[in-house]
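The listed protein sequences derive, respectively, from chains A and B.
In the numbering used here, each number is its position in the first sequence, counted from 1, plus 4.
In the numbering used here, each number is its position in the second sequence, counted from 1, plus 293.
A portion of the hints provided could be inaccurate.
Residues from chain B shown here face chain A by an in silico Cβ test under 7 Å; the list is partial [as the list claims (entries may be wrong)]: (1) Ser300; (2) Lys302; (3) Gly305; (4) Ala306; (5) Ile309; (6) Glu336; (7) Pro339; (8) Cys340; (9) Ile358; (10) Leu382; (11) Ser456; (12) Arg459.
What the hints contain is simulated information worked out from the structure, not anything from laboratory work.
Quick caveat: nothing in here was measured; it's all calculated off a predicted structure.
Where a beta carbon is used, it is the ideal one built from N, C-alpha and C, also for glycine.
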Amino acid sequence: MGVDSKPAVVVGAGPAGLCAAIELKRAGAPVVLMDENGKPGGQLFKQIHKFFGSREHSAGTRGFEIGRRLLADSLELGIDVRLDTEVVGIEPGLGVWAVERRSRSYTLEAGCVILATGASENGLAFPGWTLPGVMTAGCAQTLVNVHRVLPGRRVLIVGSGNVGVIVGYQLLQAGAEVAAIIEGAPALGGYGVHTAKVRRAGVPFYCGTTILRAEGEEGVERAVIAKVDRGFKPIAGTEETLEVDTICIAVGLTPALDLAYLAGCKPIFVPELGGNMPLHDGYMRSSVEGVYVVGDTAGVEEASTAMEEGRLAGIHAAYALGFLGEAAMRERTEATWGRLDSLRQGVFGQKRFAAKARILAEGKVRA
Amino acid sequence: MSSTNASLKTDGAPSIEELRAAGVLPSREQLAQRPCVCVECIEEIPCNPCETSCPQGALTVGDPITNLPVIDRDKCTACGACIPACPGLAITIKSLSGDLAKIRFPWEYLPLPEAGEEVDMVDRMGMTVCRGKVVAVSNPPRNNRTAVVAAEFPAERVDEVISIRRKHE
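Let the sequences and hints guide you as you build the complete structure.
So this is what it looks like as structure tokens:
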């Protein structure tokens, strides 16, 4: 087992990337962690609510506190974190082409590459969607929790998954009013405990409802919503006008695949996890030798699962680079899978568990 | 919309019938005997801080962690440690004493209410059901910014009341 002096390069310093880098560094492997943003942590520092799970998943801890802990660990371990560094290409032979501060580019020869590039929010086009005041839920969350700016006084949220409902709660906490949360499907998407805390604060939910248009002169002044039929077509005569100045779109996320495609990773289409994503196995290896995919890039789930996937890739990459023995790798992988499986249980987790199982089965066949 | 014909997956909050069916609502007799923990967690999600927060071992989730929590009322001392521990803000403690009901519930909005303040008590749909009075507010560091508010209100509303109306300009 020869020790490769080329570093593992982790792209994306969110929960998955940080955990991957920490596992690698703990095993003694050289690691470079790159992120295009000026601060590490990905979306963790916007998460001011307490996380679910068990103690080993840091349940009851607020997301930003988990972010602080991971950052402290990475600093203590002395991980080479390169911020304001955009990875724009993965060359054959694992050359990571990085642009630093939009002014200098270089290629780093990597022993392996872990892609933890996250996901992007889906848009929703409707008449008036370009008016100022229409934004994604993640944008509103960034404004409120990072920049401490209230995007509006009275908000309509489109989409009742956990993202929409949690952002609704955080907008209430920031002092806004939430006029309604609407959902196209006949049933609400998010956890009942999340919807219940927003409902008891007086926020109505409307299922089987869509947004028809946003109206206003300089910005959003009103939203027109309507009931939809089973084919999601608006039902004439059910229109209702809500006086709002902000419309938050929370209709799902799509894995960020640019680098995975550039690296040549084979994709698989899994609508439950956000559409196309790189095929991968149980060690989070993609179809390309030496390239791993973790977190939302490998199928949109949540921060808790992203962290465990990051650990899986970090553990295996440390083994592949010769810094971890096979027995230790297998033992740590198994423990991580135990924690991951426990997060993919229950009415919400089963669907994701089944979807992931499909990816892993395909990953084995096509690898 | 009244609480009676609403449901968790269409209206966002559980109806009293759904809660009763799940066995999480204490009876009036139980409420008159002692303060009762009400864990309004009726969906299988992977979560167990209620279990690990309980110093008496009165709340059990077990394995798998998607089990719904089960309360052992004989072990529970109504210490309230589980109220701020629940990430879903789904736990309250209620009791009855003559004409008065008392509730302790989690609260994460500023400004915090103050003891002695007269407030609107709301049901799970966010509708005001009666007036009440805040009797205590506790927010020690171990709560990690989830305050616990205690309020009193007329006994006949004990099943419906879940929180207080948020102050809003």
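Checked hints:
1. Ser300: 9 Å, violated
2. Lys302: Nearest chain A Cβ about 4 Å off; hint holds.
3. Gly305: Cβ of Gly305 of chain B sits 4 Å from chain A, so the hint holds.
4. Ala306: 4 Å, holds
5. Ile309: The hint is violated - Ile309 of chain B has no Cβ within 7 Å of chain A, the shortest such distance being about 13 Å.
6. Glu336: 4 Å, holds
7. Pro339: The hint holds - Pro339 of chain B has a Cβ within 7 Å of chain A, the shortest such distance being about 5 Å.
8. Cys340: With a closest approach of 4 Å, the Cys340 of chain B hint holds.
9. Ile358: 5 Å, holds
10. Leu382: 5 Å, holds
11. Ser456: 5 Å, holds
12. Arg459: Given a least distance of 6 Å, the restraint on Arg459 of chain B holds.
Figure legend: structure checked against the earlier numbered hints; hints not met, in rising order: 1, 5.
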